[in-house]
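Peer 1: So the protein lines, in turn, are chains A and B.
The numbering of the first sequence is the numbering used here, which starts it at 1 and goes up by one.
The numbering of the second sequence is the numbering used here, which starts it at 188 and goes up by one.
Hints should not be assumed to be uniformly reliable.
What the hints assert, rightly or not - Taking lysine to any residue pairs in the SDA-like style, the calculated list, with each CA pair at most 20 Å apart, reads: (1) 67(A) x 34(A); (2) 67(A) x 189(B); (3) 67(A) x 254(B); (4) 221(B) x 367(B); (5) 221(B) x 189(B); (6) 67(A) x 24(A); (7) 34(A) x 24(A); (8) 254(B) x 39(A); (9) 34(A) x 119(A); (10) 34(A) x 151(A); (11) 254(B) x 13(A); (12) 254(B) x 275(B).
Unchecked claim - Which residues of chain A face chain B? A partial, calculated answer using Cβ under 10 Å: (13) 39; (14) 40; (15) 56; (16) 131.
Simulated from the structure, these hints should not be mistaken for laboratory data.
Computed from a prediction, not measured in an experiment: that's the story for all the values here.
Just so you know, even glycine gets a beta-carbon here, dropped at the ideal spot from N, CA and C.
One-letter residues, chain by chain:
Protein chains: 2
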Amino acid sequence: MTARLLVISASTRPTSAGRPLAQWLAERATGHAKFETTLVDLGELALPFFDEPGLPADGGYVHQHTKDWSSTVSAADAFLFVLPMYNGGFTAPLKNAVDFLYAEWQGKPVGLVSYSAGTSGGAPALAMLHPVLTRVGLRPAPCTLSVPAITELVGSAGEFRAPAHLAASADTVLDSVGDLLAAPVAA
Amino acid sequence: MTARLLVISASTRPTSAGRPLAQWLAERATGHAKFETTLVDLGELALPFFDEPGLPADGGYVHQHTKDWSSTVSAADAFLFVLPMYNGGFTAPLKNAVDFLYAEWQGKPVGLVSYSAGTSGGAPALAMLHPVLTRVGLRPAPCTLSVPAITELVGSAGEFRAPAHLAASADTVLDSVGDLLAAPVAA
């Protein structure tokens with residue numbers, strides 16, 4: 001059976017350079033034997049800030065937007081988070097999207113790709129995100145990808161112009177997610 | 188001259204137990220000789236997710252909500268962030284409110300108070316927040332306060348029932364912010 005991969009593009013900026021990267025990664029994952037891929041853009045998803053009266057770990061959501069997001073995340077076997085770094089950390093929309101749910105994430109692998117206009121590629125944001133992911137029971141794939149100088153890699157038509165080494169790195173991350181899917185989880 | 192302290196209540200949940208804590212801290216800071224205090228509730232502020240086309244470090248905001256938030260933060264000499272912990276980290280609304288601006292934070296002291304329903308008091312969220320604060324040029328006060336079992340401290344009328352030791356701890360944090368205000372910043 002083909003595993004269902006949900007690619008989450010974590011920027012909500014109208015001028016995001018990460019959206020082309022996320023689209024390219026989603027296409028790459030579709031070409032990858034292991035995955036049937038869906039891309040969700042957190043800007044288009046347009047969740048409000050967390051507004052459930054109860055705790056996500058208790059379930060019992062009252063808002064339709066929460067129930068819809070729960071359905072989307074429940075339908076996935078694994079995730080690929082594609083995130084910019086703001087001020088040394090992950091972005092608010094991504095944290096918010098994670099915080100809305102709980103059981104829906106449990107035990108599922110997540111691949112991590114960060115990017116930045118500068119030289120770090122946003123790697124510190126991945127490090128900061130790690131304890132959040134494990135708190136909700138996600139299993140971060142050991143191979144991550146951080147892309148520096150992202151704005152240099154987006155063409156005037158908004159297309160992602162991937163250098164060859166990035167394609168190989170993206171496949172490595174996708175393989176890493178696939179390996180986790182195949183690995184048994186201790187009960 | 189009395190320093191202007193902006194207390195930022197970082198939860199947007201309708202049932203937040205942190206709002207009474209933030210209100211109590213704002214009152215305490217007003218009673219404190221050093222501060223003229225304003226309380227802003229991020230739930231009421233209702234910023235959207237970051238949506239400026241440009242980078243905050245470049246200024247040149249296009250949205251009225253950004254200009255308003257810029258005015259509010261510019262008017263403050265120091266801050267007190269009152270934040271819950273979600274999944275081991277700070278909340279999305281707080282990160283978003285920080286990420287919207289840049290120059291407005293530079294060089295100003297910030298006191299940190301976290302809380303949780305559990306036993307940690309949300310202290311890990313403060314640790315996670317630290318590099319974000321320094322990235323935008325805020326000066327975190329060395330004394331922080333983390334309040335465990337927050338739901339046990341809120342009465343049925345939504346009032347914060349502070350044990351005596353918390354009052355002393357809150358004053359220590361406020362003093363710590365005041366000390367930073369008085370300390371010279373290297374040019």
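Peer 1: Each hint needs a verdict: does it hold in this structure or not?
Peer 2: Against the structure, the hints come out as follows:
1. For the given pair, residue 67(A) sits about 28 Å from residue 34(A) by alpha-carbon distance, which is inconsistent with the 20 Å threshold.
2. Between residue 67(A) and residue 189(B) the CA atoms are separated by roughly 48 Å; this puts the pair beyond 20 Å, and the hint is violated.
3. Simply put, residue 67(A) and residue 254(B) have alpha-carbon atoms about 34 Å apart, too far for the 20 Å limit, and the pair is violated.
4. About 12 Å separates the Cα atoms of residue 221(B) and residue 367(B), which keeps this hinted pair within 20 Å; it holds.
5. A C-alpha spacing of about 6 Å is found between residue 221(B) and residue 189(B), which places the hinted pair at or below 20 Å, so the restraint holds.
6. Restraint check for residue 67(A) and residue 24(A): not satisfied, since their Cα atoms lie roughly 28 Å apart, outside the 20 Å limit.
7. For the suggested pair residue 34(A) and residue 24(A), the alpha carbons sit about 16 Å apart, so the restraint of at most 20 Å is met.
8. The suggested pairing of residue 254(B) with residue 39(A) is violated, with an alpha-carbon distance near 33 Å, which exceeds 20 Å.
9. Taken as a hint, the residue 34(A) and residue 119(A) pair is broken in the structure, with Cα atoms around 31 Å apart against an allowance of 20 Å.
10. Of the supplied pair hints, the one linking residue 34(A) and residue 151(A) is violated, its CA atoms being roughly 30 Å apart against a limit of 20 Å.
11. The straight-line distance between the Cα atoms of residue 254(B) and residue 13(A) is roughly 17 Å, inside the 20 Å bound, and the hint therefore holds.
12. As the CA atoms of residue 254(B) and residue 275(B) are separated by approximately 31 Å, the hinted pair breaks the 20 Å bound.
13. The closest approach between the C-beta of residue 39(A) and any C-beta of chain B is roughly 18 Å, which is over the 10 Å cut-off, so the hint fails.
14. A least Cβ separation of about 15 Å between residue 40(A) and chain B goes past the 10 Å threshold, and the interface hint is therefore violated.
15. Residue-level restraint check for residue 56(A) holds (minimum Cβ-Cβ distance to chain B is 9 Å; threshold 10 Å).
16. At its closest, the beta carbon of residue 131(A) sits 5 Å from a beta carbon of chain B; the interface hint therefore holds under the 10 Å criterion.
In the structure shown, a violation is registered for the earlier hints numbered 1, 2, 3, 6, 8, 9, 10, 12, 13 and 14, in ascending order.
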